[in-house]
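Asker: Residue-level listing of the chains:
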Amino acid sequence: MNKKTTQNISVQIDGKTINAPVGTTVLQAAQKAGIYIPTLCYLENIKPYGGCRLCIVEIKNMRAYPTACTTPIAQDMEISTKTPELQKLRREILELILSEHPYTCLICIDKNNCNEFMTTTRKVSVTTGCNFCANNGNCELQDLVEYLELTEIKYPWAYKEIKPEKNNPFYDIDYNLCILCGRCVRICNEVRYSEVLDFVQRGNSVIVGTAFGESQKDAGCEFCGACIDVCPTGSLSEKMGKWVGIPDKSIETTCVFCSVGCKMNINIKDNRIVNVGPKPGNRTNPLQLCVRGKFVPGDIMFHPERITTPLIKKENKWIEVSWDEAINFTVNKLEQYRGNQFGVISSAHESLENNYVLQKFSRKLMKSNNVDLVSSFPDKNIIKKIHEYYTHHKPANIENITNADTIFVIGSQTNLSHPIIENRIRKAAKNGKKIIVANTHDTRTSYFAEQNILYKQGEEHTFLLSLLFVLNNKDSGKLSNELKQEFNNFDIEKVFKHCGVSRQDIEKIVKSLLNSKNPVIIAGDGILINPYSIFNFNTLVNIQTILKKPETCKIIFLLNEGNFYGSTIAGLHPDLLPGFDELASEKNIKKWSDNWKTDLNNTKGLSGNEMVNNIAKDGITALFVVGDIPAHPNLAKLKFLVQQNMFLTELSEHVHVFFPITGFTETNGHIINLERKLKEIIPVTAPAKDVKTVWETISNLARAMQEKGFDYKKPEDIFSEINSFIDLSFATEEKAKKEILPVRADVSVKKKKLPVEIISENNYFNYLGNDLLELIPDMEDILGEVVSGSSSGSSSGSSSGSGSI
Amino acid sequence: MKDTIDAILKKHIPKEKGNLIPVLQSVQKKKGYISPESVNRISNYFRISRSSIYGVATFYSQFRFNPPGRHSIKICLGTACHVQGGDFILKALQAEIGISPGETTDDMRFDLDRVACLGCCALAPVVMINNKIHSRMSVIKLKELLNKYE
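Here the protein sequences come in this chain order: A and B.
52 is the number of the first residue of the first sequence in my numbering; add one for each residue after it.
41 is the number of the first residue of the second sequence in my numbering; add one for each residue after it.
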């Protein structure tokens with residue numbers, strides 16, 4: 052019939068006619084039509100496995116009982132899914148599966164009363180009921196038993212006597228509950244590409260395991276938690292939220308730990324985070340997360356050391372006070388330090404709204420342009436450059452990585468800094484795309500690379516320069532004349548020697564880039580956290596520009612903190628007013644003075660580092676810090692220091708007033724991720740009574756100081772204010788501007804030392820400056836060596852040893 | 041050692057992942073067992089994950105993961121030997137040298153494997169040490185026998 056036009060074919064499932072495209076499996080067609088077929092091993096978006104045999108169906112004129120998940124539909128197929136014969140077979144199959152799984156809870160007639168009567172009041176600690184699994188209702192076997200109305204199991208239960216593994220970080224493993232559906236094995240190998248799990252042994256003794264029975268960590272587990280999410284039994288269970296029961300509700304929000312800004316689904320019960328994972332009832336989590344997203348929110352938001360009341364330091368002791376008292380105390384002090392002696396340092400983990408209000412407070416009320424972010428990027432101008440770049444080039448999407456035919460990753464520890472980006476790179480590699488990795492040392496990405504380049508430490512700029520030179524010599528672009536001039540006296544052989552990469556390697560990369568239809572270049576910390584960051588940036592953009600079709604090439608700049616771009620556009624930059632308006636221009640000062648109905652100070656702002664250095668010269672006397680900055684002896688000289696954070700840190704030693712702060716799961720807001728997409732943060736749990744957001748704190752302070760323009764009732768008010776002043780739709784000129792950025796073809800430049808900067812170390816595992824490794828012992832377990840080992844490796848020599856000022 | 045594995049790997053093209061089993065067999069033949077290090081090297085060469093290689097290797101009883109001892113003991117648990125009490129012999133043996141099948145003693149004196157039949161059922165139960173069959177074995181004879189191997 053209309054087969055050719057729509058490519059659809061019609062089949063009959065249980066007498067219902069269904070149209071579905073060619074290649075659809077019987078299971079998918081049935082699901083589309085709302086017909087339930089029981090499954091156990093099936094996972095959406097993963098190659099069908101046909102292991103559990105529960106999805107067997109009857110198909111007319113087909114021998115035996117094919118599995119619905121592996122059988123593609125054919126024209127006029129007649130499929131029955133629920134004949135008595137099928138149900139009988141399914142029951143038999145389920146019984147066999149259950150013969151290796153503790154099944155008392157499944158067929159117990161008293162199971163509905165179990166929770167109530169489980170705990171007894173005996174003198175010894177005895178609980179009745181069966182405590183084999185975590186009892187969080189996350190069991191597909193329970194559902195299947197109910198569906199197939201199984202009330203009795205005729206086989207004896209064969210307990211496998213495998214010792215449960217309780218010493219893994221974050222999750223427990225009990226393979227006695229495992230039914231060998233292979234979901235964890237497949238998600239680990241086919242979706243996450245961590246390749247840690249596989250079936251080992253043979254016959255009766257098959258279990259899911261790692262090579263040589265190593266611990267998960269030693270086997271290279273990245274603790275993304277995907278296997279826990281897909282486990283249909285309680286075999287893999289998170290330590291957090293174990294025994295808690297079925298969550299009340301489930302809320303989707305955005306993760307702020309890195310700039311990918313993944314959607315995350317948080318399950319809560321009684322205003323507490325049970326876990327981050329699939330919604331209850333939806334056993335598989337389509338949202339893939341990394342170790343930070345999966346395990347940190349619950350641990351950090353309910354950390355026992357979290358501060359939940361304002362504190363004032365009196366005679367070197369912290370006194371718990373009410374908000375009114377803390378606000379009054381702070382206001383009295385702040386009144387004395389208006390003007391250029393005041394400074395604000397905030398965190399790029401905070402939302403657009405919070406950081407906007409914070410800088411507005413400093414500029415409008417305190418009349419000081421000393422506002423800065425504690426970010427891991429030492430050169431404040433890099434974000435300006437990236438913004439300028441985005442005005443000519445549409446920012447890359449994460450999907451670009453999947454679609455690219457060549458991916459060139461430079462100087463990045465993507466598996467630690469942006470695991471979801473790493474996941475896309477690996478996926479591309481598995482799909483046969485060309486991956487080129489360049490770094491100072493082998494990384495996990497190298498394993499997936501077709502070409503793995505090792506350049507000498509601190510030679511990112513010469514490596515990029517040689518690449519540009521060779522590419523330019525291929526005479527690929529029309530604009531190469533400008534560069535030719537620059538490269539007049541360029542001794543390429545010397546440069547090859549400098550960076551330790553051979554001519555053949557460079558030429559091979561150039562060839563790959565030239566042959567590629569849509570290359571993606573991913574620039575990591577090695578490029579951006581570097582004394583030559585701007586130079587590297589220019590070289591990289593020039594490489595793109597002189598390609599034959601620059602518009603097909605995408606560069607992804609891996610910003611670290613979740614809202615680095617968003618915080619800068621909110622105005623937390625010493626040289627930039629909100630919306631990337633240069634402070635140096637009178638026009639902009641006027642514009643924002645009008646916007647805020649005030650007269651803005653036009654003195655150039657100090658960066659965080661300059662502020663701390665100027666304390667010694669009495670240039671700065673009062674600081675407001677959101678999050679943390681590395682402790683520095685100068686800080687003791689401050690007349691007034693306010694900190695707002697979740698935890699007391701090393702800095703708190705010098706702090707006079709401490710305000711507790713909400714975490715990102717407790718507040719509304721927006722962030723802008725590395726794709727320059729606006730993403731919404733949604734509150735998941737209510738904060739403790741005395742914990743307030745930054746904007747609430749600032750508004751209270753401003754109101755107490757009788758300043759107008761801070762009458763915000765809710766974060767939406769702030770967002771609409773920002774939206775009325777700044778264009779957040781980010782219209783980009785589609786036509787890429789071809790401009791050669793200045794590069795110096797001079798490699799004899801002396802090694803520049805990074806000005807020692809306030810940067811939150813090269814540690815991706817921090818939130819608001821709080822070290823996650825220190826706060827969460829399990830995190831320390833899995834990353835202790837990795838992080839300390841890599842920070843000296845990936846950052847370019849001179850930039851390591853940040854942390855101190 | 042590195043060279044041995046290199047030499048074996050070089051005979052195969054990395055893309056031909058199907059050659060994994062022949063490679064494992066060659067490694068076992070040359071080195072006597074499959075070590076974690078060999079698995080790492082094979083994994084990097086063929087780009088097959090370590091756990092997959094281990095999964096494949098554990099599927100076949102021909103591969104061992106411990107270095108062979110000076111003397112290798114194979115205990116038969118085939119039908120005839122089983123009927124004649126092969127299980128008792130195995131238990132006694134395990135108690136005597138303190139290892140389970142597939143393992144090697146710490147002093148590298150013995151390694152132990154169980155086999156299904158050695159083809160001399162008339163002599164059951166049998167134990168084979170270094171390719172020499174010891175017939176009609178008993179727990180007492182076993183202890184004396186082990187003393188002969190240092």
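Where hints are given, some of them may not hold.
According to the in silico footprint, chain A covers these stretches of chain B (three or more CB under 8 angstroms from chain A) [stated by the list, open to error]:
| id | region |
| --- | --- |
| 1 | 107-119 |
| 2 | 130-136 |
Calculated Cβ distances over 10 angstroms to all of chain B for the following chain A residues [what the hints assert, rightly or not]:
| id | residue |
| --- | --- |
| 3 | Arg142 |
| 4 | Lys205 |
| 5 | Asn240 |
| 6 | Glu246 |
| 7 | Val251 |
| 8 | Gln252 |
| 9 | Arg253 |
| 10 | Asn322 |
| 11 | Glu356 |
| 12 | Gln502 |
| 13 | Glu661 |
| 14 | Arg727 |
| 15 | Asp829 |
Since the hints were made in silico from the structure, they are not lab data.
Quick reminder that beta carbons are idealized off the backbone N, C-alpha and C, glycines included.
Asker: Hint by hint, say whether it matches the structure.
Answerer: Hints versus structure:
no., hint, in the structure
1, 107-119, "violated (count 0)"
2, 130-136, "violated (count 0)"
3, Arg142, "holds, 31 angstroms"
4, Lys205, "holds, 29 angstroms"
5, Asn240, "violated, 7 angstroms"
6, Glu246, "violated, 3 angstroms"
7, Val251, "violated, 5 angstroms"
8, Gln252, "violated, 5 angstroms"
9, Arg253, "violated, 5 angstroms"
10, Asn322, "holds, 40 angstroms"
11, Glu356, "holds, 37 angstroms"
12, Gln502, "holds, 14 angstroms"
13, Glu661, "holds, 48 angstroms"
14, Arg727, "holds, 35 angstroms"
15, Asp829, "holds, 22 angstroms"
Of the hints listed earlier, those the structure fails to meet are numbers 1, 2, 5, 6, 7, 8 and 9, in rising order.
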